[in-house]
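Student: Sequence:
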Amino acid sequence: MGEIMGNRSVEEHVGSFKMIPSDNGRFEFEVDGEVLFSKKELGRHADPGEISGLLKEHLKIA
1 MGEIMGNRSV
11 EEHVGSFKMI
21 PSDNGRFEFE
31 VDGEVLFSKK
41 ELGRHADPGE
51 ISGLLKEHLK
61 IA
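Residue numbers (the numbering used here): 1 to 62.
These are calculated hints, taken from the structure and not from any lab test. Remember, it's a predicted structure, so these values are computed and weren't measured experimentally. Ideal Cβ positions, reconstructed from N, Cα and C, are used throughout, including at glycine. Just to be clear, a hint being listed does not mean it is correct.
[Unchecked claim] In the EDC-like style, the derived pairs of lysine to aspartate or glutamate whose C-alpha atoms are separated by at most 16 angstroms in a straight line are:
#1 K18 - D32
#2 K18 - E34
#3 K56 - E30
#4 K60 - E12
#5 K56 - D32
#6 K56 - E34
#7 K18 - E30
#8 K60 - D47
#9 K60 - E11
#10 K18 - E28
#11 K39 - D23
#12 K60 - E50
#13 K40 - E57
#14 K40 - E30
#15 K56 - E12
#16 K60 - E34
#17 K60 - D32
#18 K39 - E28
#19 K56 - E11
#20 K40 - E12
[What the hints assert, rightly or not] What follows is a set of in silico ranges between Cβ atoms, one per label pair, in the way DEER data are often shown:
#21 E50 - I20: 11 to 21 angstroms
#22 E50 - K18: 18 to 28 angstroms
#23 E12 - G49: 10 to 20 angstroms
Build the full structure now, drawing on both the sequences and the hints.
Tutor: Here is the structure:
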């Protein structure tokens, strides 16, 4: 998750975040109750930079 907190434009909008472990190798990235990425749904891991890109899009940051 360093790609999120290492990004200045994202840091201005996100004060903190936490990762919550789940079962069966599931990985979901959720913001305000909206799932932005689901490994289970897509059947793959996130590509490098994909999570931060989805977050920027959600927050409407350039």
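Student: State for each hint whether it applies.
Tutor: Hints, verified against the model:
no.: 1; hint: K18 - D32; verdict: 13 angstroms, holds
no.: 2; hint: K18 - E34; verdict: 15 angstroms, holds
no.: 3; hint: K56 - E30; verdict: 13 angstroms, holds
no.: 4; hint: K60 - E12; verdict: 12 angstroms, holds
no.: 5; hint: K56 - D32; verdict: 14 angstroms, holds
no.: 6; hint: K56 - E34; verdict: 14 angstroms, holds
no.: 7; hint: K18 - E30; verdict: 10 angstroms, holds
no.: 8; hint: K60 - D47; verdict: 20 angstroms, violated
no.: 9; hint: K60 - E11; verdict: 13 angstroms, holds
no.: 10; hint: K18 - E28; verdict: 12 angstroms, holds
no.: 11; hint: K39 - D23; verdict: 12 angstroms, holds
no.: 12; hint: K60 - E50; verdict: 15 angstroms, holds
no.: 13; hint: K40 - E57; verdict: 21 angstroms, violated
no.: 14; hint: K40 - E30; verdict: 13 angstroms, holds
no.: 15; hint: K56 - E12; verdict: 11 angstroms, holds
no.: 16; hint: K60 - E34; verdict: 15 angstroms, holds
no.: 17; hint: K60 - D32; verdict: 14 angstroms, holds
no.: 18; hint: K39 - E28; verdict: 6 angstroms, holds
no.: 19; hint: K56 - E11; verdict: 10 angstroms, holds
no.: 20; hint: K40 - E12; verdict: 30 angstroms, violated
no.: 21; hint: E50 - I20: 11 to 21 angstroms; verdict: 19 angstroms, holds
no.: 22; hint: E50 - K18: 18 to 28 angstroms; verdict: 19 angstroms, holds
no.: 23; hint: E12 - G49: 10 to 20 angstroms; verdict: 18 angstroms, holds
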